[in-house]
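J.: Given next are the chains, with one letter for each unit.
Protein chains: 2
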Amino acid sequence: MLSKNKIKLINSLNLKKFRDETNMFIAEGTKLINDLSVTFHCELLVVTPEWLENNTPIRTKELLEVNFEEFKKISNQKNPQGILAVFGKATDIALSLEEIGSELSLALDEIQDPGNMGTIIRIADWFGIKHIFASQTSADAFAPKVVQASMGALARVQVQEVDLENFLLPLKDKLPIYGTFLKGENIYTTPLSSNGIIVLGNEGNGISPAIEKLVTERLFIPNYPPGNTTSESLNVSVAAALVCAEFRRRLK
Amino acid sequence: MLSKNKIKLINSLNLKKFRDETNMFIAEGTKLINDLSVTFHCELLVVTPEWLENNTPIRTKELLEVNFEEFKKISNQKNPQGILAVFGKATDIALSLEEIGSELSLALDEIQDPGNMGTIIRIADWFGIKHIFASQTSADAFAPKVVQASMGALARVQVQEVDLENFLLPLKDKLPIYGTFLKGENIYTTPLSSNGIIVLGNEGNGISPAIEKLVTERLFIPNYPPGNTTSESLNVSVAAALVCAEFRRRLK
Chain Y
15 MLSKNKIKLI
25 NSLNLKKFRD
35 ETNMFIAEGT
45 KLINDLSVTF
55 HCELLVVTPE
65 WLENNTPIRT
75 KELLEVNFEE
85 FKKISNQKNP
95 QGILAVFGKA
105 TDIALSLEEI
115 GSELSLALDE
125 IQDPGNMGTI
135 IRIADWFGIK
145 HIFASQTSAD
155 AFAPKVVQAS
165 MGALARVQVQ
175 EVDLENFLLP
185 LKDKLPIYGT
195 FLKGENIYTT
205 PLSSNGIIVL
215 GNEGNGISPA
225 IEKLVTERLF
235 IPNYPPGNTT
245 SESLNVSVAA
255 ALVCAEFRRR
265 LK
Chain D
15 MLSKNKIKLI
25 NSLNLKKFRD
35 ETNMFIAEGT
45 KLINDLSVTF
55 HCELLVVTPE
65 WLENNTPIRT
75 KELLEVNFEE
85 FKKISNQKNP
95 QGILAVFGKA
105 TDIALSLEEI
115 GSELSLALDE
125 IQDPGNMGTI
135 IRIADWFGIK
145 HIFASQTSAD
155 AFAPKVVQAS
165 MGALARVQVQ
175 EVDLENFLLP
185 LKDKLPIYGT
195 FLKGENIYTT
205 PLSSNGIIVL
215 GNEGNGISPA
225 IEKLVTERLF
235 IPNYPPGNTT
245 SESLNVSVAA
255 ALVCAEFRRR
265 LK
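For the protein sequence lines, the chains are Y and D, in the order given.
Following the working numbering, the numbering of the first sequence begins with 15 at its first residue and continues without gaps.
Following the working numbering, the numbering of the second sequence begins with 15 at its first residue and continues without gaps.
No lab work stands behind these hints, which were simulated from the structure alone.
Incorrect hints may appear among the rest.
One copy or any two copies: either way a pair holds, since identical chains are not told apart in the list.
Think about it this way: if two alpha-carbon atoms lie no more than 30 Å apart in a straight line, the pair counts; the simulated BS3-like pairs of lysine-lysine are [stated by the list, open to error]:
(1) Lys31 / Lys144
(2) Lys86 / Lys22
(3) Lys103 / Lys86
(4) Lys159 / Lys92
(5) Lys227 / Lys45
(6) Lys86 / Lys159
(7) Lys92 / Lys22
(8) Lys188 / Lys31
(9) Lys188 / Lys22
(10) Lys45 / Lys197
(11) Lys18 / Lys45
Isolated chain Y, as found in the complex:
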């Protein structure tokens, strides 16, 4: 049986305010929870008897078994698997300029769609990018929709919320800051550094003027046939993938 307080706690974690206050977030599904448990401590695991019959729970501070009807009160899924975890967020470790400067990282300038946010975290994971710096105006990486869309990649990629302009300002003269634009250098033929920051812009408006000023290298992803002007844009996560792939390909 789930107490009213537990239901209230879990449902409150759908809101950023409470995730920030408690430093906790929720995830659903066997595989996702297993993947996340490698990095995050499980504070509370809620499962149905049906789930428990066929699976072994991860290590958790508290385990609660509730029937499916009860479970639906806390689930955000259309077809709940019968397992939900409350995880404690890992503490952000502030990186030095030198550490940031030695890596290739992503900076998100107001990525608003949780699906895009999750997809970008998966892309970072695929291409071995360890750090994402997200503007405070971006979707929260620990929102349930983002957590689900990231498919466990959150366990391997650190997403840090920053004041993006003030974050990039001291980096501008130390390492390349890349952005994609319709007018830029062809990414396939321009030299690319093995370190630096790739800025990804808002779904509707692209990179904001204040951040664009801090971009030192303007890249263009070629469309086809060359010079084709009818196709106007790519989804931001698609652009992210094409850019990350090209940076990593150069390192062979």
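Start from chain Y and add chain D according to the hints.
T.: Only chain D this time, still in chain Y's reference frame:
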């Protein structure tokens, strides 16, 4: 004033059954509707007085002006722009084997998420791919969510619903049929044809066994660092973009 019949007609177009029956679909937003009007005939345009004050309507069989309260009854958007169009679908022109064989096209094996579907149509548009063949189990290209996510690319890319297995069967011996797998040839180093079909698989299950049998070339998108086995997969639209980009890059 919108008659009850008009409201009923428009809302019915949220369902595939009625889109198929009437051969019509709906779209919202000034830019999207302008883009689509290049290819599709507008049967009915519904606008608010506020919209009409600032914009010029496209050519349409019927124009209706309704107040914002009325407009909200037919809109699927959180923040409606005050313009909705009912378009007639273009008639599918059956392509000959020779025509299909001379191009690079996409085949969708149960792409279920409307957002992915729309993103894939945009990707095809960006890379000058004119035809998408979608299994009957895929999301409908004319579903409102897909239309909105495709951002006008539907005007330039023809999406045709097919029985995918029977469609691919006679093509198998005539042109390469590509698919991406975790075990396949590195897409950056394997030869790629300028024509052929790229198969994209379901979000959760990948390419189905029946279709996998028809794939003649298995491709792998390298992750980083090479041999990294923790990152397991890419979103299907992200994989689509990486594959299309590589095919087109070879044509330079």
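J.: Would you mind marking each hint as holding or not holding in the structure?
T.: Right, here's what the structure says about each hint:
Taking the closest pair of Cα atoms, Lys31 and Lys144 come within 30 Å of each other only inside a single copy of the chain (26 Å); across copies the shortest separation is 46 Å, beyond that limit. For the identical chains of this complex, Lys86 and Lys22 are intra-copy neighbours only, at 13 Å inside a copy versus 33 Å across copies, given an alpha-carbon limit of 30 Å. When the C-alpha separation of Lys103 and Lys86 is checked against a cutoff of 30 Å, the pair qualifies only within one copy, where the shortest distance is 24 Å, while the shortest distance between copies is 40 Å. Taking CA atoms no more than 30 Å apart as the test, Lys159 paired with Lys92 passes in both settings, with 12 Å inside one copy and 18 Å between copies.
Only between protomers do Lys227 and Lys45 lie at most 30 Å apart by alpha-carbon distance; the minimum there is 28 Å, versus 42 Å within a single protomer. Within a single copy, Lys86 and Lys159 get their C-alpha atoms as close as 17 Å, and across copies as close as 27 Å, so both meet the 30 Å cut-off. Taking the closest pair of Cα atoms, Lys92 and Lys22 come within 30 Å of each other both inside a single copy (20 Å) and across two copies (27 Å). In this assembly of identical chains, the alpha carbons of Lys188 and Lys31 never lie at most 30 Å apart, being 35 Å within a copy and 58 Å across copies at closest.
When the C-alpha separation of Lys188 and Lys22 is checked against a cutoff of 30 Å, the pair qualifies neither within a copy, at 47 Å, nor between copies, at 60 Å. Taking CA atoms no more than 30 Å apart as the test, Lys45 paired with Lys197 passes between copies only; the shortest distance there is 21 Å, against 42 Å inside one copy. For the homomeric pair Lys18 and Lys45, the shortest alpha-carbon distance inside one copy (28 Å) is at most 30 Å, but the shortest distance between copies (48 Å) is not.
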